[in-house]
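Participant: Keeping their order, the protein sequence lines are chains A and B. Throughout, the working numbering is defined as the position within the first sequence, counted from one, plus 299. Throughout, the working numbering is defined as the position within the second sequence, counted from one, plus 1470.
Quick caveat, the hints were computed from the structure, so don't treat them as lab data. Just so it is clear, the structure is predicted and the values come from calculations on it, not from any experiment. The reader is advised that the hints may include incorrect statements.
Calculated cross-link-like contacts (lysine-lysine; reagent style BS3-like; alpha-carbon spacing at most 27 Å) [claimed, not checked]: (1) B:K1510 <-> A:K319; (2) B:K1783 <-> A:K373; (3) B:K1657 <-> B:K1783; (4) B:K1510 <-> A:K373; (5) B:K1510 <-> B:K1535; (6) B:K1611 <-> A:K319; (7) A:K373 <-> B:K1611.
Computed Cβ-Cβ distance ranges for the label pairs, DEER-style [stated by the list, open to error]: (8) A:D434 <-> B:E1646: 49 to 55 Å; (9) A:S421 <-> B:D1659: 51 to 57 Å; (10) B:V1658 <-> A:R308: 55 to 61 Å; (11) B:P1545 <-> A:N318: 50 to 56 Å.
Don't be surprised by glycine CBs; every beta carbon is placed ideally from N, CA and C.
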Amino acid sequence: MNTESPGHRNHTLVVTVENKSGVLARVASLFARRAFNIRSLAVAPTEDEHLSRITIVVDGESAPIEQVVNQLDKLINVVDIQDLQPGHAIERELMLVTVAVEPEHRDDIVEQLDRAGGKVMSVGADSMMLSLVGDPEHIDTFENLLRPFGILEIQRTGRVALANLDETIE
Amino acid sequence: MKTDGGQALIRSLEREGVEVMFGLPGGAILPVYDPIIDSKIRHILVRHEQGAGHMAEGYAQATGKPGVAMVTSGPAATNIVTPLCDAYLDSIPMVVITGQVPTAAIGTDAFQECDTTGITASITKHNFLVTEAQDIPQVIKEAFHIATTGRPGPVLVDIPKDIVDPTNPRSSLEWEDNVEIDLPGYKVDTSVDPEAIQKAVELIQNAERPILYIGGGILKSRAAESLLELAELTGIHVVTTLMARGAFPDSHELCLGMPGMHGNFTAVTAMQESDLLITLGARFDDRVTGKLDEFAVSAKIIHVDIDPAELGKVRRPDVPVQGDCRTAIEAMVSVLRDFGSGNTDRTAWKSRISGWQERFPLVYEPSTPGQALKPQFVIEKLRDATPADTIVASGVGQHQMWASQYWTFNHPYTWINSGGLGTMGFSIPAAIGAKVGCPEKMVWAVDGDGCFQMTAQELVTARVENIPIKVALLNNSYLGMVRQWQDMFYEERHSEVFLSKEIPDYKGWAESMGCFAMRVDDPDEVEEAIAQANEIEDRPVVIDFRTAAEEKVYPMVASGTGNSDVIVPPSQEKEIR
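For reference, chain A alone in the conformation it holds in the complex:
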């Protein structure tokens, strides 16, 4: 995951679009048509009911980022595009994961989970469902930690991101 070379890193684009039907399809179809690769995608309404925000992680190797931005900008429904610089934005993903765990090992998992800042969502006879919010690397690390237990099901959201303010707490 963290093999991004400086010239070809992944880019996180925050694309503000008009909240109209079909806009996500236009964005997705543009990526397909121009052979740009999407690593992750998240869409949701914004503070303004007329606008939605799409956070796209673009594979920087599939095309020069400025070409991706310029082509996206040609879509009439795209209002604004921000190319977030690494270290200058807060990026988050959410993971829901069900792991196989015998009752006697539950405490081990809970301890790890507490340290990572996650929550137990649901408990079964020999499994547990956990949730964790964090930056993508944090989620990756925790996912790897869970692997030895046996991951039964996993669902991660696309990345969401906003540019930093003047002062960043984390």
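Here the structure of chain A is known, so what remains is to put chain B in place on it, guided by the hints.
Facilitator: Using the frame of chain A, we list chain B on its own:
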């Protein structure tokens, strides 16, 4: 004032200044056809929806005004997909209105339903599915604004039947005399950065081997006169791409003609050897660059384009200039006038250029008695016998290349062809559209027999609607360009390229469509046939010129090779070192 969606649609088109539209009615669009009866807009009833689209394109290219086409849903919408894509690739302003099944039926696979906006999203500059009658006036205004500003292109408006059907309450709306566009994501910036212009001028002043590389954007920005001023001020030679033929006069001493795969040797080689390509409204198409790694390797690049996505898409410019071509040229001219064009000695470069011109002119072997006509000969005769501002519309293939090579384009907007998409069958409907837009001009379609068979039915439209175009059919009984590739790259193994020597009977077919038609086999009959055609103004004319099938388009840069490897005609091979 209360009105209905259909009335509002036609009134909105009138408000945009639409004088003519091309179309064919059907179920879903029916309600909009009723108010056409009472409208000032001239509606031209086509015989196939593809024809409507290409006519709108030809009209737009000849006049500079947006072309308008209207067709029904489903198969009509899919039939107009080709012209939409054609207009998208050649940046032609066009508004296409399609009918759609009623809003409640959308998504149910209703009769003649298709996902028109989904299908056309990637081949239009933008498209709209209108779901409320009240939105129609604003959407039409937005469609024309988008189609005609910035980098022009096709816009499609999909209109469900219920919002235009006066018997349906959903079609009712309040007509307002003023509507505002609301496009927060659409900004057109035509201004140019003075610093970039300054840098461009410095490169121009110091270049030893500069070339003005001119694309269709010059015509879109109405910049032909400014270009002439820039070229004459600097004494820099000009190449005009297939989309820019006519943007700079072919008979000007600085004009090198068309570059690219079938460009003339001097245009190709001058670009290849250049140290500065002043790129104005062109996009480094693969048909111009040949193998990209080997294209003009020592050239610095100035690239002016209204579309920022073109800057660096193919070749990274040293000086990118985003903005309108005419504005940029005028800014360059102004700086050059103030500071001079520089003192760089270009004598050696100019003599190299004139050397190439002397050694590698466009040539073909004249036909010997008894042989079939040479297509180049026909085009030369046509060129010499028609007014200088004649509009030439071509199809796609060998005849297109010969027309571009052998015509002398001295006026902008006199050459209409399908450059980017390469749409066979383009010429006849495009010529019709051009003639509708410029009735005072002579319009010749130069067509091939493969192309002719794709859209010839529009000659019926031309006759019935009284649009007297003329068609020079260069008929070699083959899909000529494909045959040429099979000759050159597939050891002359001809696969599915022979059409037929006698079927169809083009003269009889054209006559049955109400045209005046002739067949010409003998070189001695060419001039007289053209003279006769030029006299006829009350109906379309078709001349079936029987041409030599083995003739090839030269020069040629084979696909995948670099522009230093120009294949010249056999008679010039000794000149290549």
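Participant: Within a Cα-Cα threshold of 27 Å, do K1510 (chain B) and K1535 (chain B) meet the stated pairing?
Facilitator: This hinted pair holds, its Cα atoms lying about 17 Å apart.
Participant: CB of S421 (chain A) to CB of D1659 (chain B), is that within 51 to 57 Å?
Facilitator: Between S421 (chain A) and D1659 (chain B), where Cβ atoms are some 53 Å apart, the hint holds.
Participant: Sort out whether K373 (chain A) lies within 27 Å of K1783 (chain B), counting only the CA atoms.
Facilitator: Roughly 14 Å separates the two Cα atoms, so the pair holds.
Participant: Given the range 55 to 61 Å, decide if the beta-carbon distance of V1658 (chain B) to R308 (chain A) lies inside it.
Facilitator: 32 Å, violated
Participant: K1510 (chain B) and K319 (chain A): Cα distance at most 27 Å?
Facilitator: 35 Å, violated
Participant: For the pair supplied as a hint, K1510 (chain B) and K373 (chain A), confirm whether the alpha-carbon distance does not exceed 27 Å.
Facilitator: Given that 27 Å is the threshold and the Cα spacing comes to 35 Å, the pair is violated.
Participant: What's the verdict on K373 (chain A) and K1611 (chain B), does the C-alpha distance respect the 27 Å limit or exceed it?
Facilitator: Status holds; Cα separation ~19 Å.
Participant: Given the hinted pair K1611 (chain B) and K319 (chain A), is their alpha-carbon gap at most 27 Å?
Facilitator: Since the Cα atoms of K1611 (chain B) and K319 (chain A) sit roughly 18 Å apart, the hinted pair holds (cutoff 27 Å).
Participant: Starting from the range 49 to 55 Å, see whether the pair D434 (chain A) and E1646 (chain B) falls in it by beta-carbon distance.
Facilitator: Taking Cβ atoms as reference, D434 (chain A) and E1646 (chain B) lie about 51 Å apart, which means the hint holds.
Participant: Does K1657 (chain B) pair with K1783 (chain B) here, judged by a C-alpha cut-off of 27 Å?
Facilitator: 20 Å, holds
Participant: Range hint 50 to 56 Å: satisfied by the CB atoms of P1545 (chain B) and N318 (chain A)?
Facilitator: 33 Å, violated
Checked against the numbered hints listed earlier, the structure breaks hints 1, 4, 10 and 11; every other hint is satisfied.
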